[in-house]
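**Student:** Line order of the protein sequences matches chains A and B.
The working numbering numbers the first residue of the first sequence as 1 and each following residue consecutively.
The working numbering numbers the first residue of the second sequence as 344 and each following residue consecutively.
Everything labelled a hint here was simulated from the structure, so no lab data went into it.
These figures come from a predicted structure and were not determined experimentally.
Just so it is clear, CB atoms sit at the ideal spot from N, CA and C, and this is done for glycine as well.
Any given hint could be a false lead.
To be verified - Chain A stretches covered by chain B per the calculated footprint, using a threshold of three residues with CB under 8 angstroms from any CB of chain B:
{"id": "1", "segment": "55 to 63"}
{"id": "2", "segment": "223 to 230"}
{"id": "3", "segment": "264 to 275"}
To be verified - Now the in silico label distances, taken between C-beta atoms and shown as ranges:
{"id": "4", "chain 1": "B", "residue 1": "407", "chain 2": "A", "residue 2": "13", "range": "33 to 43 angstroms"}
{"id": "5", "chain 1": "A", "residue 1": "100", "chain 2": "B", "residue 2": "616", "range": "28 to 38 angstroms"}
{"id": "6", "chain 1": "A", "residue 1": "13", "chain 2": "B", "residue 2": "395", "range": "18 to 28 angstroms"}
To be verified - With a straight-line cut-off of 30 angstroms between C-alpha atoms, the simulated BS3-like cross-links for lysine-lysine are:
{"id": "7", "chain 1": "B", "residue 1": "631", "chain 2": "B", "residue 2": "384"}
{"id": "8", "chain 1": "A", "residue 1": "288", "chain 2": "A", "residue 2": "79"}
{"id": "9", "chain 1": "A", "residue 1": "79", "chain 2": "A", "residue 2": "296"}
{"id": "10", "chain 1": "A", "residue 1": "79", "chain 2": "B", "residue 2": "345"}
{"id": "11", "chain 1": "A", "residue 1": "79", "chain 2": "B", "residue 2": "384"}
{"id": "12", "chain 1": "A", "residue 1": "2", "chain 2": "A", "residue 2": "41"}
{"id": "13", "chain 1": "B", "residue 1": "631", "chain 2": "A", "residue 2": "296"}
{"id": "14", "chain 1": "B", "residue 1": "422", "chain 2": "A", "residue 2": "288"}
{"id": "15", "chain 1": "B", "residue 1": "639", "chain 2": "B", "residue 2": "422"}
{"id": "16", "chain 1": "B", "residue 1": "631", "chain 2": "B", "residue 2": "422"}
{"id": "17", "chain 1": "B", "residue 1": "422", "chain 2": "B", "residue 2": "384"}
{"id": "18", "chain 1": "A", "residue 1": "2", "chain 2": "A", "residue 2": "288"}
Number of protein chains: 2
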Amino acid sequence: MKVFFSEDHRLHFPQAELSGGQFVTPYERPSRAEYVYQRLKQQGLRDIADPGPCDMGPVRGMMDPGFLGFLETAWDQWKAAGCAGEVIPAAIPARRMQMARPPRNIDGLAGYYCLARETAITGGTWAAALSSMASAQAAQRHVAGGARAAFALCRPPGHHATADMYGGYCFLNNAAVTAQMFRDQGAGRVAVLDIDFHHGNGTQDIFYGRGDVFFASVHGAPEDAFPYFLGFGDETGTGAGEGTTANYPLPPGTGYDRWSEALDDAIARIRAWGAEALVVSLGVDAYKDDPISFFKLDSPDFADAGRRIETLGLPTVFCMEGGYAIEAVGINTVNVLEGFLGA
Amino acid sequence: MKVFFSEDHRLHFPQAELSGGQFVTPYERPSRAEYVYQRLKQQGLRDIADPGPCDMGPVRGMMDPGFLGFLETAWDQWKAAGCAGEVIPAAIPARRMQMARPPRNIDGLAGYYCLARETAITGGTWAAALSSMASAQAAQRHVAGGARAAFALCRPPGHHATADMYGGYCFLNNAAVTAQMFRDQGAGRVAVLDIDFHHGNGTQDIFYGRGDVFFASVHGAPEDAFPYFLGFGDETGTGAGEGTTANYPLPPGTGYDRWSEALDDAIARIRAWGAEALVVSLGVDAYKDDPISFFKLDSPDFADAGRRIETLGLPTVFCMEGGYAIEAVGINTVNVLEGFLGA
Ligand SMILES: [Zn+2]
Ligand SMILES: [Zn+2]
Chain A
1 MKVFFSEDHR LHFPQAELSG GQFVTPYERP SRAEYVYQRL KQQGLRDIAD
51 PGPCDMGPVR GMMDPGFLGF LETAWDQWKA AGCAGEVIPA AIPARRMQMA
101 RPPRNIDGLA GYYCLARETA ITGGTWAAAL SSMASAQAAQ RHVAGGARAA
151 FALCRPPGHH ATADMYGGYC FLNNAAVTAQ MFRDQGAGRV AVLDIDFHHG
201 NGTQDIFYGR GDVFFASVHG APEDAFPYFL GFGDETGTGA GEGTTANYPL
251 PPGTGYDRWS EALDDAIARI RAWGAEALVV SLGVDAYKDD PISFFKLDSP
301 DFADAGRRIE TLGLPTVFCM EGGYAIEAVG INTVNVLEGF LGA
Chain B
344 MKVFFSEDHR LHFPQAELSG GQFVTPYERP SRAEYVYQRL KQQGLRDIAD
394 PGPCDMGPVR GMMDPGFLGF LETAWDQWKA AGCAGEVIPA AIPARRMQMA
444 RPPRNIDGLA GYYCLARETA ITGGTWAAAL SSMASAQAAQ RHVAGGARAA
494 FALCRPPGHH ATADMYGGYC FLNNAAVTAQ MFRDQGAGRV AVLDIDFHHG
544 NGTQDIFYGR GDVFFASVHG APEDAFPYFL GFGDETGTGA GEGTTANYPL
594 PPGTGYDRWS EALDDAIARI RAWGAEALVV SLGVDAYKDD PISFFKLDSP
644 DFADAGRRIE TLGLPTVFCM EGGYAIEAVG INTVNVLEGF LGA
C-alpha cells in the first residue's frame, strides 16, 4: 500500500495543551507521526512518498473563507497583538450569543473559530495543516488512479475540524476533503468510516445535510468523552442527509467484542447504502493504553478491524487521525493497514 | 451611603487566568476589593456591614438549577477526576453542536456551563460568589427599606454571568438578582445601568425578553472587546422585551466626552421609560490606565458620572463589577459614590 507523508508536519509543534486546568506537553506531538513512519518501514511498507503541495481548490471549495484566512494569519495576528503564548483564546460565542459576527480582536476571532481550546496554533500550524491535507489528497489521487488503497500519514489530524472551526488537535478536515474529491471525480456515493476513539464531529457536521456522503463513527459516548457535544446515537442526518449519519457511542471500558459489533454494523450499513469509495478516519486511540481514551482494544484487534474494513471491497483512503500511546501508535496503525492487506 | 461587604470574597483566589495563550496572575484578584474597602473608609464612608448569608430563594428563582449544582460541586468533581489545576475546561458546545445536553464528564460539564475560560473556579469560588450575592441582596433590602442608595462591594463580580453560564470573572449575576428583588417587592419597572467597560452580556441575556426590566450598557465595542459576541447596538430586546435593551458600544480610545454622551442618553432613556428603581453595575475599568480595557476616563470623570446617575432620582443599588488598575479601583469606585452623594 502506498503511503503519503510530509515531513512538514513537524512545523506544527505546539508547546502547550490545556488539560485539567494546566498546560501540559501536548499529547498530539510530532513523534506520533515518526513512530508510524518507522513502523511502516519496519514492516516493509516502504513505498512512502512526499505528497507535494496542497491543492487549495478542494479546500476552498469546502471551508469557510473567513476560517481559512484566520488559520493562515492567526499566529501573526496573535503576535502582533502582543500575546506571549501560543494561540489559545479565552472567550467564545456561547449559548444565545452572536454566532455570525467574527470580531476584529484576535483573541475574540480565535474564539470565534475554535470549538475546543486544548489545541494551540503555532507559527508552523498552517503550513503543517496544508501538508497534512496534501498527503490526504495525494492518497486520494493514487486511489482514484486505480490503486485499491492508500495511506495518508496525516499530521495534524483533521476529523474534529468543521468548515469553520478548529479544535481537538485538528485544523483542516482531511477526510472530508478526500471524500469530496471522490465525489467531484464522479463517485456517486462516498462513505467516511471514523474509527478514532473520538467522535468525528467535524466530518459529521460537514456532511450532515447531504445524502451523497455517508458518515459512520464508532466512538466514546459524548456524555463521557470529547468532543462532548456531538456524536449521540440520535444524530442521523438532516434534510437530504437524513439517514446518512450513523453514530455508535460506546461507554467507558468498551472492549473489542462490543467495539467490533459496532464496526460490523457500520460496515453493513455502508455496504447496504451502496458506497462507491471509502475514506477511513484512522485513529488508534481506542487502544487500551491510550492516555486520553477509555476503550480497551489490544494491538491485534486493530489488524482484525483492518480485515473487516477490507470486506467492503471499496477503493479506500486511510487518513491518519488520533492515537496518543506514542510507541503503540505505530504498531496499531500499521496493524490496521496490514489487516486490510491480508498480511 | 451604607456599604455591604463580605470578607468571604477572599475565598475566591484563583492562581491562574488564561490570557494571551498563557496563564497569568489573575487581573480579578482579592486586593481589588480591599483597595475599595480602604478607600471607602479613607473617604468617610464607614458604615460598612457584613451582609450575612445569601438568600437562595431569589438565586434559585432566576438561575438554572443544573448550573447552580455545577457551580457548587465543580471543584470537588474536578479534583475527583484527578485534574491538577483549577477548573478551566477545554471543550465547549460550539456552533451546530448540542447545546441542551450537559455531559457527565466534568471537563465537558464545565465547558457546557462556561462562556469564557480566562476564569478559573477554585475551592472557594462558590462560597465567595454567594457572599458577593449576599452583599447585593443586603444593599437591595436596605434601599427597599427606605434608603436612597446603597453600595454592594461585590466580589467576584456578576454582570457577565447568565442564568446558566459563568465567565468573565463572574459566577452569579448580582445585579440581575437585585433588579428582580425590586420587581418581586412591587416595583413595576426596574432599570439596570451597566457602566463597566465590558458589556454586561449576562444581565442583558437574563432580561432580553422581558418588558419589566430595562438594561442599558455603555461598553467597549464587541468587535474589539470582551465578551466579543454580545453587546452590539442592534440588540434591542425581543418579544415583550423589545425596546428595553440599549447598548452603547464605543471604540478604542473613547474619552469622557463621548462616553458621557452615551451615559446621558442611557439615563434619558431610563427616565423616559419610567423606571422606579435602579441597579448600577459599577465597574470602573473604563479608567485610562486599566490594564485590560481601552477607554480613557480619568478619576474625576467617575465622580461626574455619579452626579449624572443621581439625577434620575431613583432608589439605587450600586453593585461592584470590574476594574483592574488595582490602586485606582478604590479611588474611581468611591468617586462614583461621592459624585452620586453630591460630595
Ligand atoms: Zn481521537
Ligand atoms: Zn469589566
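**Student:** Just pull the numbers of the violated hints for me, sorted ascending.
**Tutor:** Of the numbered hints given earlier, those the structure breaks are 1, 3, 6, 8, 9, 10, 11, 13, 15, 16, 17, listed in rising order.
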